[in-house]
Amino acid sequence: MSFVTRCGVSLLLAILPLFSVAQSKCDVELGHGLIITDSVIRIVDNGQTRVQINNDNQLLIQGYWIDLSERETQVLHEYSKGIRDTVPELVSLATDGVNLGLSAIEQVVEGMSDKKPEVLQTQLQYVERALMDKFKRGDDFFFIAPQSLSKIDDFFTKEISQKIHSAVHGSLGAILMSLGDAFKSREGNIEDRITDMGQRMDIITKEIDKSLQKKAQQLESKADEYCECLNTLDETEARLQAIVPRLAAYDLVQIRS
Numbered sequence: 001m002s003f004v005t006r007c008g009v010s011l012l013l014a015i016l017p018l019f020s021v022a023q024s025k026c027d028v029e030l031g032h033g034l035i036i037t038d039s040v041i042r043i044v045d046n047g048q049t050r051v052q053i054n055n056d057n058q059l060l061i062q063g064y065w066i067d068l069s070e071r072e073t074q075v076l077h078e079y080s081k082g083i084r085d086t087v088p089e090l091v092s093l094a095t096d097g098v099n100l101g102l103s104a105i106e107q108v109v110e111g112m113s114d115k116k117p118e119v120l121q122t123q124l125q126y127v128e129r130a131l132m133d134k135f136k137r138g139d140d141f142f143f144i145a146p147q148s149l150s151k152i153d154d155f156f157t158k159e160i161s162q163k164i165h166s167a168v169h170g171s172l173g174a175i176l177m178s179l180g181d182a183f184k185s186r187e188g189n190i191e192d193r194i195t196d197m198g199q200r201m202d203i204i205t206k207e208i209d210k211s212l213q214k215k216a217q218q219l220e221s222k223a224d225e226y227c228e229c230l231n232t233l234d235e236t237e238a239r240l241q242a243i244v245p246r247l248a249a250y251d252l253v254q255i256r257s
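Per the working numbering, residue 1 is the first one in the sequence shown, and the count goes up by one each step.
Mixed in with the good hints there might be a few duds.
Taking lysine-lysine pairs in the DSSO-like style, the calculated list, with each CA pair at most 27 Å apart, reads [to be verified]:
(1) 158 with 81
(2) 163 with 81
(3) 136 with 158
(4) 136 with 206
Restraint ranges, calculated between C-beta atoms of paired labels, are given here [stated by the list, open to error]:
(5) 205 with 146: 20 to 26 Å
(6) 205 with 77: 45 to 51 Å
(7) 54 with 241: 30 to 36 Å
(8) 207 with 243: 47 to 53 Å
(9) 71 with 209: 50 to 56 Å
(10) 66 with 130: 34 to 40 Å
(11) 209 with 57: 28 to 34 Å
(12) 77 with 199: 55 to 61 Å
Quick caveat, the hints were computed from the structure, so don't treat them as lab data.
For every residue, glycine included, the Cβ atom is placed at its ideal position computed from N, Cα and C.
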C-alpha cells in the first residue's frame, strides 16, 4: 500500500476523534525550513541547504552525496514522498487568497480618497513579508519555515490580523487628512464622504476578520487531518536516520504529543 493510500485510510480513521472535545491536538513542529520543487527537496537553516534530496532517490548532506543501497533508497523515497504529500498543500492553503485579499483592501481604501495613502502600501508590505517569512509559493517551488503546525491558526488570527488592522487604521488617518484638505478647498460633500468611509471601513474590518478566521480554521483542520500522516513521516524519518545517523542533526518532523 502506497504512502498516499495509507494516509487516505489513516485520515478517515483520524478525523472522527477530532470531533471529541477531549481529544488533544497533534502537536507537530517542523524543525527546519523546507524548499520543494518538482525534482528537489531542500532542508534549510538560515538560508543554507543542509540536506538535499534529488528526484526522490539521491541524498546529499551538506553537499556530500550519500551512497545508499536499493533498500535504503526505498526508505529515502518514502520519506521524500511523505514530505511532498503534505507540505505543498499546507503552503497552498496558507497563501491562497491572502495576497488577493490584500490587493482588494488596497483598492477599496484607495477608492475612498483622491490621494493614495502611502502608509497603507507600507503596512501591507509588512503583512506580505510576514506571510512570506512563513509560507511562500512560486511557479515552481514551495517554501515553509520552521514552525509549529498546531499553531498555524494563531499566526493568521493574531499576527496577520493585527498587521492588517494596523494597515487599515493607519490608512484611515491619511484618508481623514485628505478629506480635511477637500473640505478646506470646498471640494465634494465632506459629510457624505465621511459617512461612506466609516461604512466601508466597518465592512473591510469585518470581512478581514471573517476571512482570516476561515483561513485559520482551514489550516487547523488540515494540520489535524495530517496528524497520522505526519506521525508516519516521523517514523520514516527515524528509519532513515538509523541508516544515515548524520541526518539526526537535521531532524525535520518533531512530534510533541
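Structure-based check of all given hints:
Proposed proximity of residue 158 and residue 81 is contradicted: the alpha carbons are some 32 Å apart, above 27 Å. Restraint check for residue 163 and residue 81: not satisfied, since their Cα atoms lie roughly 35 Å apart, outside the 27 Å limit. Restraint check: the Cα-Cα separation between residue 136 and residue 158 comes to about 19 Å, which is no more than 27 Å; the hinted pair holds. Taking the CA atoms of residue 136 and residue 206, the gap is near 26 Å; set against the 27 Å cutoff, the hint holds.
For the pair residue 205 and residue 146, the supplied restraint of 20 to 26 Å is violated, since their beta-carbon distance comes to about 31 Å. Between residue 205 and residue 77 the CB atoms are about 48 Å apart, so this pair conforms to the stated range of 45 to 51 Å. In this structure the hint that residue 54 and residue 241 lie 30 to 36 Å apart at CB is violated, the actual value being about 19 Å. A beta carbon spacing of about 51 Å between residue 207 and residue 243 agrees with the range 47 to 53 Å that was offered as a hint.
Look at residue 71 against residue 209: about 52 Å separates their beta carbons, and that is inside 50 to 56 Å. In this structure the hint that residue 66 and residue 130 lie 34 to 40 Å apart at CB holds, the actual value being about 36 Å. The given range of 28 to 34 Å is broken by residue 209 and residue 57, whose C-beta atoms sit roughly 46 Å from each other. Our hint of 55 to 61 Å for residue 77 and residue 199 holds, since their Cβ atoms are close to 57 Å apart.
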